[in-house]
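S.K.: Keeping their order, the protein sequence lines are chains X and B.
Going by the working numbering, the first sequence opens with residue 2, and the numbers climb by one from there.
Going by the working numbering, the second sequence opens with residue 59, and the numbers climb by one from there.
By construction, these hints were calculated from the structure, which means they are not laboratory data.
Just so it is clear, CB atoms sit at the ideal spot from N, CA and C, and this is done for glycine as well.
Some hints could be false.
Now the in silico label distances, taken between C-beta atoms and shown as ranges [claimed, not checked]:
(1) B:S126 with X:K263: 28 to 36 Å
(2) B:Q98 with X:Q248: 38 to 46 Å
(3) X:K479 with B:E131: 34 to 42 Å
(4) B:E76 with X:V275: 35 to 43 Å
(5) X:I448 with B:S126: 45 to 53 Å
(6) B:E76 with X:K479: 28 to 36 Å
(7) B:R71 with X:K54: 48 to 56 Å
(8) X:P496 with B:R71: 26 to 34 Å
(9) X:R51 with B:S126: 28 to 36 Å
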Amino acid sequence: MAKQIKVSLIGNPNTGKTSVFNLLTGLNQQVGNYPGITVEKKEGVCKLPRGVKAHILDLPGTYSLNASSLDENVVIEILLNKKDKDFPDVAIVVSDVENLKRNLLLFTQIKDLEIPTILVINMADRMKRKGISLDIPLLEKELNTKIALVSARKNEGIDELKKLILSYTSLPTKPCVNALTFAPEYFDRLKQAFPNQSLYKLWLVITQDVNFRKIDKQKPSVAPDFEIKSESELKRFQQKETIKRYQFINEVLKKGLVVDEKAATGMRAKLDRVLTHKFWGYFIFFAILLLIFQAIYDWSSYPMDLIDEGFAWLSEATRSALPSGPFVDLITEGIIPGLGGIVIFIPQIAFLFLFISILEESGYMSRVVFLMDRVMRRFGLSGKSVVPLVSGTACAIPAVMATRNIENWKERLITILVVPFTTCSARLPVYLIIIALVIPDEKIGWIFSYQSLTLMLLYFIGFGAAVGSAWLLNKMLKIKSKNYFVIEMPGYKIPLFKNVVINVVEKTKAFVFGAGKIILAISIVLWVLASFGPNENFNNAEEIIAAKYTDLSQEELDQKTASYKLEYSFIGYAGKAIEPIVAPLGYDWKIGIGIISSFAAREVFVGTLATIYSVGSDEEETIKNRMAAEISPVTGGPLFNLASGISLLLFYAFAMQCMSTLAIVKRETNSWKWPMVQLIFMSILAYSVALIAYQVLK
Amino acid sequence: MKLTIANLKKGQRALIKEITSDIIPLKLLEMGCLPGNEVQLLQTAPFQCPMYLTINGSHLAIRKEIASQIEIEII
Chain X
2 MAKQIKVSLI
12 GNPNTGKTSV
22 FNLLTGLNQQ
32 VGNYPGITVE
42 KKEGVCKLPR
52 GVKAHILDLP
62 GTYSLNASSL
72 DENVVIEILL
82 NKKDKDFPDV
92 AIVVSDVENL
102 KRNLLLFTQI
112 KDLEIPTILV
122 INMADRMKRK
132 GISLDIPLLE
142 KELNTKIALV
152 SARKNEGIDE
162 LKKLILSYTS
172 LPTKPCVNAL
182 TFAPEYFDRL
192 KQAFPNQSLY
202 KLWLVITQDV
212 NFRKIDKQKP
222 SVAPDFEIKS
232 ESELKRFQQK
242 ETIKRYQFIN
252 EVLKKGLVVD
262 EKAATGMRAK
272 LDRVLTHKFW
282 GYFIFFAILL
292 LIFQAIYDWS
302 SYPMDLIDEG
312 FAWLSEATRS
322 ALPSGPFVDL
332 ITEGIIPGLG
342 GIVIFIPQIA
352 FLFLFISILE
362 ESGYMSRVVF
372 LMDRVMRRFG
382 LSGKSVVPLV
392 SGTACAIPAV
402 MATRNIENWK
412 ERLITILVVP
422 FTTCSARLPV
432 YLIIIALVIP
442 DEKIGWIFSY
452 QSLTLMLLYF
462 IGFGAAVGSA
472 WLLNKMLKIK
482 SKNYFVIEMP
492 GYKIPLFKNV
502 VINVVEKTKA
512 FVFGAGKIIL
522 AISIVLWVLA
532 SFGPNENFNN
542 AEEIIAAKYT
552 DLSQEELDQK
562 TASYKLEYSF
572 IGYAGKAIEP
582 IVAPLGYDWK
592 IGIGIISSFA
602 AREVFVGTLA
612 TIYSVGSDEE
622 ETIKNRMAAE
632 ISPVTGGPLF
642 NLASGISLLL
652 FYAFAMQCMS
662 TLAIVKRETN
672 SWKWPMVQLI
682 FMSILAYSVA
692 LIAYQVLK
Chain B
59 MKLTIANLKK
69 GQRALIKEIT
79 SDIIPLKLLE
89 MGCLPGNEVQ
99 LLQTAPFQCP
109 MYLTINGSHL
119 AIRKEIASQI
129 EIEII
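Using the sequences and the hints given, assemble the complete structure.
M.R.: Here's what the structure looks like:
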């Protein structure tokens, strides 16, 4: 088989790069991370004419090759390193016809790298409406490139693009502008010092650190005697380079692009007037938020109930189909409920990603950033922190990853640190079951019930804790960082169905497999720990109980045996060991086990209690009734009362309790320091608040 | 007093003068915020910040601190 053509898709954000990628690859794509960093890596395979295949890599959106974020840094590192396995045979620069001028800046930089390059001018379907006409042959000549005029929306121009990729060896590789002419003396000396290197690549390597952090990758060793300019001087040079490039682009577009201003419609201005309005803008944003929450908690309850019932049925069916034994127990009591605990979140996660990707695709999210920046900044956050905080209501993992486009490191760090306070969907099962147990099912007036108000209050508490600790961190952290805040306000677009679907599927898949592995592993470990014990008390439970109670029915005996076994199992001993620590919060050793095991992921708590209460029991009781029947050994009343229930709710509102989030924070901040700070701070806060709540209410 | 983008009123247009400040991020220049280019204020969030501008045909929002570093000439 012939080798695959390696193609890199490069372009500014909001140019429809993802749409072009989706058109080229369809569902033949994979999302992963670059080795060692969490920057998203999208790859896919594209079938070209004559049976040739192209491997398409969708690089993160970037405005230029002067990196100011991790995303942009990835692009440069790949393009500078010929030995990188992702180094492209051909580069496709995707531009948007309405912002051609700005998009061409990146294009001229890519051309300087002397890689075969194709220029895609996307959104060609808008040209007529916007009164734009292009002289393609002239542009191809002036820019020394091949141009594909594409409309991803109408699926036009993709075949031409594929043909260009196929004939990549004949694409021009010469630069189109000589931008490094502003300091001839400096560059002459550079050339003499490194005669065999491309001047532009050298320049990129030298200036990398000016706008971005130090990179430790190998660079062409700078000769010690070569004078390195000061940072501000290099910055001035970069400004001059940018001006040079724009001068060239302006010259070219003067000849090749005509815009008839009269034909342009003012749709965008009209929408902006409402959506960024000082009153209506906020009103609409909060209405949308309300709709999202409604969808997540109301609409998704139907598929969730179905999934719940489905797994219960599966567990029963497996049990009756297979001969009984420890292995079948593991499947029906460990693995199936464990899997169910993951799958049940799919509807909520999918709804959230559906809304977020529609809002992003349509261009609305930038308006939210604009509206919220000032408010968020009071707390040391950025307008761009709104998206992570909203995503956090589904899951902190994608939320932490969504902070990447915050340029200011301090604002980004604070956002990462406070995101786990927002009420993620993993807290919901814990909340719902405890609320149902301890909050009366009564209504205030006609609409509001105590239970739903409690749930809403818990969301406010989570958000309040996030903003409050952001404020505190802003005062405490002494980090100097550049005050970057530049956001592009893209044109409004009707989201492409295909893009939204692919996004939702990919993100949901990542969540299910990411969190799923941990949850499943824990379910199995828990089952093992609860099914075996270290001594004779566990092994001879049947005889001990039978000797102790002589006048009970078989059913009652079985139940007594089961809880006796649990008490003397490995997990029972662990729970009793920590009982003194959790007793002041109003918990017994069984809840203690739930807390230990849910350290890895909160939603494990309910599953653990289910395991604890149902192990060895064939009772059809639901977990809730079982919990309601628990008696506190201290008070003699129900174990789950208002005091211990509120204490538990507050504990879960503040506690970190998520290994996956800690792992992702470690990767995003590149140190163990911040996840540890997070873990310790949140755990102390959770314990203290729960302690106070219980002691006051009991 | 120097006139800067921060002084613009809604709907007003201006030309960007020489950029001398070091604080202005290169990113902004790359977006087209360069001497001689036209800037117009489209909208401000409450308390004048951030500011929503068109610069050289690009639609951008920047904070007031940066806006007050960019000198302009009203046209």
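S.K.: Next step is simple, just say for each hint if it's right about the structure.
M.R.: These are the hints, each one checked on the structure:
Between B:S126 and X:K263 the CB atoms are about 35 Å apart, so this pair conforms to the stated range of 28 to 36 Å. A C-beta distance of roughly 22 Å is found between B:Q98 and X:Q248, which places it outside the suggested range of 38 to 46 Å. A hinted range of 34 to 42 Å holds for the C-beta pair X:K479 and B:E131, which are about 39 Å apart. Checking the proposed 35 to 43 Å range against B:E76 and X:V275 shows it holds: the Cβ atoms sit about 37 Å from each other.
Distance hint check for X:I448 and B:S126: the Cβ-Cβ separation is about 48 Å, which falls inside the suggested range of 45 to 53 Å. Judged by the Cβ atoms, the range 28 to 36 Å given for B:E76 and X:K479 holds: they are separated by roughly 34 Å. Judged by the Cβ atoms, the range 48 to 56 Å given for B:R71 and X:K54 holds: they are separated by roughly 51 Å. A hinted range of 26 to 34 Å holds for the C-beta pair X:P496 and B:R71, which are about 33 Å apart.
Range check, X:R51 to B:S126: Cβ separation about 59 Å, and the 28 to 36 Å hint is violated.
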